[in-house]
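Colleague: Model the placement of chains L and Z on the given structure of chain U, informed by the hints.
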Amino acid sequence: MFTIRWSLPAICCTLLMASRPPAPPFSPPEVRRDPSPSNPPAATTEVLVAAAADLRFAMDSLVAIFTRENPDIIVKPTYGSSGNFFQQIKNGAPFDLFFSADVDYPRQLEQQKMTISVVHVYGTGQLVLWSKTLDPAHDQMNTLLDKSVNKIAIANPDHAPYGKRAEETLRYYNLYDKVKDKLIFGENIAQTAQYAQSGAADVGMIALSLALSPAMRQAGGKYWLIPPTAHQPLLQGFVLLPHSKGNPGAEKFSQFCSSATATSILRGFGFGEPSN
Amino acid sequence: MIDWLPLWLSFRLALVTTTILLVLSIPLSYWLAYTRHRWKVIIEAGVSLPMVLPPSVLGFYLLLAFSPAGSFGRLLDQYLDIRLVFTFRGLVVASLIYSLPFMVNPLLAGFKNLPPHLLEASRTLGKSDWTTLRRILLPNIRPSLITGAILAFAHTIGEFGVVMMIGGSIPGRTRVASVAIYDEVQSLNYPMANRYAAVLLLFSFTILLIVYSINHRFSQSKSVL
Amino acid sequence: MTAPPTCLHFQATKSLHTAQGTRQFDVTFDLPQGRLLALYGPSGAGKTTLLRILAGLTDTSSGNIVMEGDTWLDHSRRFILPTRRRPIGFVFQDFALFPHLTVRQQLEYALPKDADRSIIPDLLTLMELETLQHHRPTLLSGGQQQRIAIARAIARRPRLLLLDEPLSPLDAAMRSKLQDYIAKAHRHFHLTTVLVSHYLPEIHALADEVIILDEGKITSRSIPSDLFPATGPIDNLRLNGEITAITQAYGACILHVLAAGTTINVVASPDSASAWRIGQKVTVAYRDFNPVILHSH
Chain U
1 MFTIRWSLPA
11 ICCTLLMASR
21 PPAPPFSPPE
31 VRRDPSPSNP
41 PAATTEVLVA
51 AAADLRFAMD
61 SLVAIFTREN
71 PDIIVKPTYG
81 SSGNFFQQIK
91 NGAPFDLFFS
101 ADVDYPRQLE
111 QQKMTISVVH
121 VYGTGQLVLW
131 SKTLDPAHDQ
141 MNTLLDKSVN
151 KIAIANPDHA
161 PYGKRAEETL
171 RYYNLYDKVK
181 DKLIFGENIA
191 QTAQYAQSGA
201 ADVGMIALSL
211 ALSPAMRQAG
221 GKYWLIPPTA
231 HQPLLQGFVL
241 LPHSKGNPGA
251 EKFSQFCSSA
261 TATSILRGFG
271 FGEPSN
Chain L
277 MIDWLPLWLS
287 FRLALVTTTI
297 LLVLSIPLSY
307 WLAYTRHRWK
317 VIIEAGVSLP
327 MVLPPSVLGF
337 YLLLAFSPAG
347 SFGRLLDQYL
357 DIRLVFTFRG
367 LVVASLIYSL
377 PFMVNPLLAG
387 FKNLPPHLLE
397 ASRTLGKSDW
407 TTLRRILLPN
417 IRPSLITGAI
427 LAFAHTIGEF
437 GVVMMIGGSI
447 PGRTRVASVA
457 IYDEVQSLNY
467 PMANRYAAVL
477 LLFSFTILLI
487 VYSINHRFSQ
497 SKSVL
Chain Z
502 MTAPPTCLHF
512 QATKSLHTAQ
522 GTRQFDVTFD
532 LPQGRLLALY
542 GPSGAGKTTL
552 LRILAGLTDT
562 SSGNIVMEGD
572 TWLDHSRRFI
582 LPTRRRPIGF
592 VFQDFALFPH
602 LTVRQQLEYA
612 LPKDADRSII
622 PDLLTLMELE
632 TLQHHRPTLL
642 SGGQQQRIAI
652 ARAIARRPRL
662 LLLDEPLSPL
672 DAAMRSKLQD
682 YIAKAHRHFH
692 LTTVLVSHYL
702 PEIHALADEV
712 IILDEGKITS
722 RSIPSDLFPA
732 TGPIDNLRLN
742 GEITAITQAY
752 GACILHVLAA
762 GTTINVVASP
772 DSASAWRIGQ
782 KVTVAYRDFN
792 PVILHSH
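Protein chains in written order, with this note's numbering: chain U, 1 to 276; chain L, 277 to 501; chain Z, 502 to 798.
Each hint can be trusted.
Beta-carbon label-pair distances, calculated as ranges:
1. L:Y488 with Z:P588: 42 to 50 Å
2. Z:L640 with L:R410: 19 to 27 Å
3. L:V328 with U:E273: 47 to 55 Å
4. Z:Q534 with L:R410: 33 to 41 Å
5. Z:P622 with L:L356: 56 to 64 Å
6. Z:P622 with L:R410: 23 to 31 Å
7. L:A385 with Z:D672: 30 to 38 Å
8. Z:L640 with L:L478: 33 to 41 Å
9. Z:T603 with L:R410: 12 to 20 Å
Calculated from the structure, these hints are not laboratory results.
Since we're looking at a predicted model, the values are computed, not measured.
Positions of the beta carbon are idealized from the N, C-alpha and C atoms, including for glycine.
Isolated chain U, as found in the complex (with noise of 0.2 Å):
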């Protein structure tokens, strides 16, 4: 009658919900994992990758790479800001390695003892002045005193690095008091970016690896380098978390990027050589 008109799918959802699909049998049964409702039977194993926003294409060049050597291992990417990531993690986000554009967060990690291997340092992070409207090679740091420029889009300097290092230069720059009224927020720095390209900001300062991704060029902006001396390094670090411990996958994925190739294919995308 009525109770069993509503019991059946409430039966039903409850063993959707509890249903776990059987863990890869090479998984050892001491590492706690949620199996994902995606993992392809038996054979794969899943590498979950907390990587600063900065990395966005970079690390989708890098996945696809080693995933053509290593077809059994799935690379899941996730993208944001460091600091949020930082916290998450501290807080037990299941990620296996953290990339993070401010390698202070990761040796934070490291000290605290949440890590499993040492912080491996793979570039310096480059800060643009990016436009589609106006070209900042033009009148570089002044193109922000412009009168048609209304929005200046930075990252969030509360946990984005390049937000900092953006408000360090303004700084510099003497800037900071005269824009400071035009700047707007981005989450992180790619979101920074898409602010940019769309045009909610008339110009952005953003990461070199964003400025040179297909998608901004698509945009038709123009870019111009801010000099490294303006602000602090972003020293960019990457380190596996304990979560990772007896995924081979995550080992593997950790030594592809420290090899020569990644590193090739990250110099591609704007990250400088580390300065120490």
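Modeller: Coordinates of chains L and Z only, in the frame set by chain U:
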């Protein structure tokens, strides 16, 4: 062309949440409708709280509560092997709290709009309150049940702020459609974002259409008392 | 002849909140088995309250109810038997039929799980509901709904039948028909019945005894005919009516008075004709078999 996984996750989350909410909300709304307890206003206010609270506030408190870095989260982790942050389960718990008022309030209104003599008549016929609820009250608030279910379902599908706070954006686990759209926009992948958004829109509209036409047929075949 | 044994003992007090202020409800009475008791009185007197206390639907400040030896309410011992345990049938003023069940299903619902279902056809026949048994109540007429409500109330063979102004929403023709049904049910199932009404003809037709309530207290208890003394010879017959037309005939003034469902033609003297207007309410009496206007009001 399109990765269906985020859409499937959204759908699964909404379905599980709505079903559990139905089971939980019926006794809760029944109690709120008929009790004369003095403290029921507090419960009523508490139930409606998620409606006015910014999702990030809820997400924040849930993160604090369930993070393994905190004492309760550690307890869950060590003894029950349950993680409620950055997992699908965690999203379900968050959605249950977040969509609760959208299920309870229609049910409560439904119960309150029933003529009080129905319940009394059933009692005079020797029936227990449980039997009365099952066989008399619930069948007569069917439109409210349907409304509550739609609202809770739709609300959960659209959830974004809470998911971002405690779900992260982990593909296959917590990267639901609303988050996927956000991600694709950030990747400047507008066509993909468009596809997700269009599917969600079409799906939500179709569900509403189906359910409202069912509701219509109900109200035509038997009139509201 | 010895009085039949007391079946129901009722005593209760309660504060009543009426439009005129707070009244103290304080009622005590006994009722023998098989009687049909009517409760009569003005609005707010506490008639429905009494019925609801009997059913266990309303609380009391103090009280004691014993029915056929079973205690239903004993306030001093803080004991209240819940409504569903009392072998009662209750007919609400608005019928309270379940909108989603057919007539037959209403009766089936009323029966306990493993009870004998054979009473259902009997009831349907008794209340003339056979052709309607598969209909839902919402589209049925007031009279039909009332029969369903009565049938449902007695389906589980209660010991006490309670009717709350059952016939007030109905028109005059329906009323007399339904009175028959109530009387039939009362006799057929050997019920003890308490009926709330403020309609005197109904009380006359059905009740063995009448209790008059006013402001929460019993003011009198008697048999119906004692309340309203029998009329004397026909010249004391009085009817209240209304003048619907004034015509002239044979040099006299004829007042057409609508009273008791018929038109009575009263001859008035021509010089008094100007005193009468259409629509005036008058009392007609018969003198020497002729109708006269006794007085107007």
